[in-house]
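Asks: Make the full structure from the sequences, and use the hints.
Residue numbers (the numbering used here), protein chains in the order written: chain R, 9 to 460; chain G, 9 to 460; chain H, 9 to 460; chain U, 9 to 460.
None of these hints come from the bench; they were simulated from the model. For glycine and all other residues, C-beta sits at the position ideal for the given N, C-alpha and C. Watch out, some of these pointers could steer you wrong.
[Unchecked claim] Below, a list of computed lysine to any residue pairs in the SDA-like style, where the Cα atoms sit at most 25 Å apart: (1) Lys71(R) <-> Met292(G); (2) Lys284(R) <-> Asp334(G); (3) Lys344(H) <-> Lys106(U); (4) Lys375(G) <-> Lys245(R); (5) Lys344(H) <-> Tyr324(U); (6) Lys321(R) <-> Tyr309(R); (7) Lys245(R) <-> Lys71(R).
[Stated by the list, open to error] Partial list, derived from the structure: chain R residues whose beta carbon lies under 7 Å from chain U: (8) Asn70; (9) Asn73; (10) Ile133; (11) Gln135; (12) Met144.
[Unchecked claim] Distance ranges between label pairs, derived from CB positions: (13) Gly454(G) <-> Lys284(R): 51 to 61 Å; (14) Tyr53(U) <-> Arg327(H): 32 to 42 Å; (15) Gly441(H) <-> Glu289(U): 26 to 36 Å; (16) Gly441(H) <-> Arg180(G): 31 to 41 Å; (17) Leu220(R) <-> Arg439(G): 30 to 40 Å; (18) Arg331(G) <-> Gly24(R): 14 to 24 Å; (19) Glu459(U) <-> Ala340(H): 39 to 49 Å.
Number of protein chains: 4
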Amino acid sequence: MIQEECGVMGAYDFDGKDVATDLYHGLYSIQHRGQESCGIVTNEYVRLNAVKGAGLVNEVFNKENLATLKGNIGVGHVRYGATDINEAVPPIVSRYCKGTMTLAMNGFIKNYDELRIELEQRGAIFQSSSHAEMIMNMIAVARTKTHSAEEAVLTAIKRLEGAYSIVVMSPRKLIAVRDPYGFRPLSVGKRGNRYFFSSETAAFDVIRAERLFDVKPGELIKIDDGGVTHFADAVGKIKPAPCIFEYVYFARPDSYLDDGTSVYRTRVAIGKELYKACPAEADMVVGVPDSGLHFALGYSYASGIPYGVGLVKNSYVGRTFIRDTDEIRYEAVSIKLNALRGAVEGKTIVLVDDSIVRGTTSANLIKLIKDGGAKAVHMRIASPPFLWRCKYGTDIPDREHLIAARMSCEEIRAHVGADSLGYLPVDAFDRAGVKVSEHCTACFTGKYPDEQ
Amino acid sequence: MIQEECGVMGAYDFDGKDVATDLYHGLYSIQHRGQESCGIVTNEYVRLNAVKGAGLVNEVFNKENLATLKGNIGVGHVRYGATDINEAVPPIVSRYCKGTMTLAMNGFIKNYDELRIELEQRGAIFQSSSHAEMIMNMIAVARTKTHSAEEAVLTAIKRLEGAYSIVVMSPRKLIAVRDPYGFRPLSVGKRGNRYFFSSETAAFDVIRAERLFDVKPGELIKIDDGGVTHFADAVGKIKPAPCIFEYVYFARPDSYLDDGTSVYRTRVAIGKELYKACPAEADMVVGVPDSGLHFALGYSYASGIPYGVGLVKNSYVGRTFIRDTDEIRYEAVSIKLNALRGAVEGKTIVLVDDSIVRGTTSANLIKLIKDGGAKAVHMRIASPPFLWRCKYGTDIPDREHLIAARMSCEEIRAHVGADSLGYLPVDAFDRAGVKVSEHCTACFTGKYPDEQ
Amino acid sequence: MIQEECGVMGAYDFDGKDVATDLYHGLYSIQHRGQESCGIVTNEYVRLNAVKGAGLVNEVFNKENLATLKGNIGVGHVRYGATDINEAVPPIVSRYCKGTMTLAMNGFIKNYDELRIELEQRGAIFQSSSHAEMIMNMIAVARTKTHSAEEAVLTAIKRLEGAYSIVVMSPRKLIAVRDPYGFRPLSVGKRGNRYFFSSETAAFDVIRAERLFDVKPGELIKIDDGGVTHFADAVGKIKPAPCIFEYVYFARPDSYLDDGTSVYRTRVAIGKELYKACPAEADMVVGVPDSGLHFALGYSYASGIPYGVGLVKNSYVGRTFIRDTDEIRYEAVSIKLNALRGAVEGKTIVLVDDSIVRGTTSANLIKLIKDGGAKAVHMRIASPPFLWRCKYGTDIPDREHLIAARMSCEEIRAHVGADSLGYLPVDAFDRAGVKVSEHCTACFTGKYPDEQ
Amino acid sequence: MIQEECGVMGAYDFDGKDVATDLYHGLYSIQHRGQESCGIVTNEYVRLNAVKGAGLVNEVFNKENLATLKGNIGVGHVRYGATDINEAVPPIVSRYCKGTMTLAMNGFIKNYDELRIELEQRGAIFQSSSHAEMIMNMIAVARTKTHSAEEAVLTAIKRLEGAYSIVVMSPRKLIAVRDPYGFRPLSVGKRGNRYFFSSETAAFDVIRAERLFDVKPGELIKIDDGGVTHFADAVGKIKPAPCIFEYVYFARPDSYLDDGTSVYRTRVAIGKELYKACPAEADMVVGVPDSGLHFALGYSYASGIPYGVGLVKNSYVGRTFIRDTDEIRYEAVSIKLNALRGAVEGKTIVLVDDSIVRGTTSANLIKLIKDGGAKAVHMRIASPPFLWRCKYGTDIPDREHLIAARMSCEEIRAHVGADSLGYLPVDAFDRAGVKVSEHCTACFTGKYPDEQ
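Replies: What follows is the structure, encoded as structure tokens:
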């Protein structure tokens, strides 16, 4: 499974009221972007309060510790990835020449090694391999030469190459900034006198905030008692190229990307294009839960083939283990999903999934459905073949593990056991309303926007 | 939310091989029938091994403790409900005059108090208020007068009134029995030389067992080294009346009830009948996840109104808490579900749910969808109004909490904020293939089968 | 290490005030009698409240759960021993024909098998192998024929053979009873209008209760709103023979046994007798912490040889594990105790311990002290050779593991590496004030009081 | 209670074998120096392995995680004190310009603020308020200008004021250094080809290492594949003044301080001096467990008054809570200690303790003993009145909480309820073999060695 690396949030209340409860409820909405650790840090008149830990939002927070998070400025974080020896769970907090600084980041700094060596040669120490810690050091160095936190942030990020959507909290300011390509999303919401930053706009719904606009690629937004200040073109060299895979898989369907494009509608539109590009004759269109469902709807709408539920998801699995016996080998997927024999028996099925990474899951799913009595399974993939690894902060395997990098489409079809296999052509994104030229499609095309 | 009280499983391997791993994987499939505690007990040449505890299957079992569950006969259990002072998590194990006895039960014994007093007057003690413990005592008393475990079980259950699907393990036998009404389900599956009992047939899929048949109402099935023996009409007074609410809500869609009726197909058929009985003009049919989805499909099929996804479910919520602030009151449902503005905005929606119990959730959902921009919401309920409490082991509130027992349909419509509201008529079940006369519909009709 | 099996407490407040806090603090004082699980059950106007679990008192109880233990009658328990499949942690609670019954017991019923079979043949089931559960069944059977709880208890215990100090709580009474030999201790204390039972009087000190008297061998004491009623000679066949090993090892030094004999003073007196029986010339007397210290004091007082601290105990070890390396083999004892080189270097040491069971610990200790520079170590044991296993509820190994049952004194001396070895003669107990003829000395003499 | 802040260990094996098991067993011996968190970091051919966490040694380590600690160089730590927001449990690990650096420290840097500001002005960030993190930054800055780790350490520590016993691990070296006053102890041990550093020599006993010598005040010792290299007078301005309170309270009795002085023997000698300075007529000398016992022995030896055990310690208390009732107020001390009525009843007692800080504990103890029947209690304190707070890393309260800073000796006597009270005169240390002029006695005299 492909994974996002992080989800971030920020909140600033102009009336001085506590913001942690909103951050807590909001983090639930972006939990899918990071399930291994999470944390909230709040600023209570300069003093910092923090609750952080390994686990899901509902495991780390409880009524008691949430009540300790007083303060009208706050930063929240959900994260993937093993922790370092010193176990610093984000948001990372530090003290430096101008007081405290708290930073949460989604992204990947390509020149991390170079910048870290430069800092080390100045005498810096690193307690983790976190890119956020390195950026904090950059900001701290920049801060020794300026009286303004936002200037220090700007000085630091101008040196960064790669992808970054960052929220920084200083004792009196909340600052958000996005790299000039806008690889990873970051949006702004508002409820009454309270402003929010969030990796996804879906978080605004649960906290009943209004979605305002995105932090633009290359823009820095500062919130302090002077109000909300935009520094457009702050980083320079702006060349918007947000990740197209957010539409395909990462983002929630109820989120809006690119300053207002509905992920749900885009997925339905992609599903329609998928039918046009790879039609099939069948009795039923089935989406792989949960990510394939909206593409399947679109495929059904365009084709007129009835939409059906052919796979049942077990909601209670969570972190589990499987254990084979001498008699049978258990597959994780068969504990999480079961074919709905009552729906698929005797039918020709179009099975729609968002992507194929290694091919193992697809093969297991097709076997499940055929064991459930389906006559034939036509597999349709709502994105082009996955050929290149991501350099911008998502956990996509190396090329050697990408099945599409090793096999032809026909070979993959045979491998997964489908009766036919069709991928979305790259240019279909354009027709579905997502301009290929204005997004990063490197995982499909190998064209890395910052290397062109 | 209405809840089942229990799910049970049993396994017997004629080749003497360990069965715990199958029970473990199978319990995942019936986890929705009981989420507060679970356990497996196995019989290893008379010696019992047990792993039991509070929590979900993936919390109670781990590689180490599963490996200790050696034995070719076994019983598994998932359960709701607070534990007693002595904390006996089922399956309950006891020693009695003929060795050990392990018992798992789904149901509710109506004459529990009477039978318990009778036993107490003989000198019995009770370490919990569990009906299973009482039945064990009944069996033990009966066993003092017979050499056969199945005879003792029969003697005991002939005294029971109410609902029970029971699996009993003695040192050399696995016995399953179902009350003469067959209120709660219990099916038999087989893989190679291994037989299984399960509350739901969906468990057979994950362990790749073939669904054979149901334990019939009033039937006892014994498995021992002499093979599988049926005692049809064992309890007497057979009058099949399985719970119709299993089709509406409890059972998984991929399970089969009543010896072969697909829950999924029945739900789609009910959805179609719902449209016929309560049509609506709308732009989209939306089901409430997860239980409303298949009814919504049927409604869409019958009406031609496009099926859509209008609510997004957050899979990561689990056991959580909500915390209001001065500014807003948080609703649990809005953390678990979000309206898909991209789908519902500007549309007239048919919202399909399985039932309305208290009305609170429906009101919140309709508000969510209207806040998401829907022009109108026509609520359709895939079952008749909920009027009577269940006496057969499901956790349905008292009448005073059932909104339909207190309000007219129009009052409920106004209360939940729908633009129209329609319930499935009782006789529509017949047309959907589920004979009302052959099922328990007491929660809708007040006709309790064993009181007629 | 030899271990007691249990410690029990009871409390009854005539003013209707809550007793759990006293039981909680008191259980700390008898924690040494059972470290694997503990619990308190209170009676709040018929309703029972319970907190029970595996672990030490400070692990099982916390402010929140202690606050739930309302009620003016209560029973507490600390216990050794693996739990059964059904995990019933004592005090065991049951409902029976006359309401609830809670029972805590220290002892061992020799005719357990016979009585259990008898009960099973009546139809009783057993959810554990706990002797307390069997006794509850006996009481319940007796209770069907009498209106008085104490009569039922008496009827039941008259059938018991072996050792038992029992506290039983019924909805309105607290009853304590001790077998006719009084094998295990049980005392009565009082503070204001509140009465207490406890396995050891030391518990009375911490809760500032006055030690009143013992429950006599064969006596039953009932406390209810009619006051405190003694049923002397209730069981019949009284022949007092309390365990002499309580003086040697089990009891706390600050407890009083046999209705007023100080354990501490007895230990000092035994130490003096030990010197008279087995004198030695040495520079220092060292006791093995903690049980050997008071004997060592007595040995020093009688001999004039200075008392010294030669072994340092590490208080922080708790439940631990040791892990050998290729280079050295670690001994658990060397993590718990270290020789005090500064005290023992160059000296001839008398090392006093309470007993030798397997011999391993003694050998390790002598090696530690000699490695610490001692010239010679004369080992002195404050009890006679351990030859027979206990049949009355203490965890003493089988004969084959008792070193004194397999080796001569000289062989043991050589085995443990002492320069000389002396045991207390049996008749020295008499001279130390503990009449051999009035105590159980079976572990030393093989004379089991109830088999004479 | 006064608390040490930390205990540190280091290990280096010249044969390349794993050292973690020795560090693990050794940490048990210095657990009393820090009970809130602990950790071990090992160096396995440049790669670092770490196990760290909140809790005692037996809670943080288990067989599985200990097995992961491969590597022939290692650092261990036990620590007091609340953790920071980022929860960095020591030993702190960092990467810097020359690879990795792991540092464990016992002490307190008086010019911490000044040095940190200096570093911050260079652009450094701080993730905790740990002095160790600041020192790491100092070393990292120094390391940019030298090729030698030990030179960088020396450059850094020459700037430090205050107390520090530090162990630093670089990829190929283990370095230990002690401030020029040698405030906190640090010793060197050896077993075969393996060298150890430890805060206390008692750790060498359990791991069967030979005590070699101390790291001298102001000395740096480097161990690498070139062997063991001493840099005497490395820091300059050497003026030995080790903490005299280590003899009074902190150190284990089986440790050796000042390159070979037995803590035990010193305590006995102090007890003798205490008698000479403050004689008493009494029936028994009783020490407060555990720290008062050895002084009491000395007092007994010098006076001829019999030594006795008058207080019983409850070993099972651990982290606990007390809960008052309406009837009585519980004191923590009475759960941990009980008076031995059998020993003290009717007697005049000399009660010996190491010190009086706030006076509360002493008052409670004297009440316990008098409630136990003692005729009179003469309190003797084995150190001078505690008047000044410590500036060198021990957790001694501010002056306002020190009873001796507020009351005269007579007032204290009345306050604690003693019949007489005597303190050790400062010059008695000299007579007991601990030269006042060569130790830090600031807590008694107010003469801070580095401020003279």
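Asks: So, for every hint listed, does it hold in this structure?
Replies: Here's how the hints hold up against the structure:
| no. | hint | in the structure |
| --- | --- | --- |
| 1 | Lys71(R) <-> Met292(G) | 39 Å, violated |
| 2 | Lys284(R) <-> Asp334(G) | 51 Å, violated |
| 3 | Lys344(H) <-> Lys106(U) | 41 Å, violated |
| 4 | Lys375(G) <-> Lys245(R) | 44 Å, violated |
| 5 | Lys344(H) <-> Tyr324(U) | 14 Å, holds |
| 6 | Lys321(R) <-> Tyr309(R) | 23 Å, holds |
| 7 | Lys245(R) <-> Lys71(R) | 46 Å, violated |
| 8 | Asn70 | 17 Å, violated |
| 9 | Asn73 | 13 Å, violated |
| 10 | Ile133 | 4 Å, holds |
| 11 | Gln135 | 5 Å, holds |
| 12 | Met144 | 5 Å, holds |
| 13 | Gly454(G) <-> Lys284(R): 51 to 61 Å | 54 Å, holds |
| 14 | Tyr53(U) <-> Arg327(H): 32 to 42 Å | 34 Å, holds |
| 15 | Gly441(H) <-> Glu289(U): 26 to 36 Å | 29 Å, holds |
| 16 | Gly441(H) <-> Arg180(G): 31 to 41 Å | 59 Å, violated |
| 17 | Leu220(R) <-> Arg439(G): 30 to 40 Å | 51 Å, violated |
| 18 | Arg331(G) <-> Gly24(R): 14 to 24 Å | 19 Å, holds |
| 19 | Glu459(U) <-> Ala340(H): 39 to 49 Å | 47 Å, holds |
Comparing the model with each earlier hint shows violations of hints 1, 2, 3, 4, 7, 8, 9, 16 and 17; every other hint is respected.
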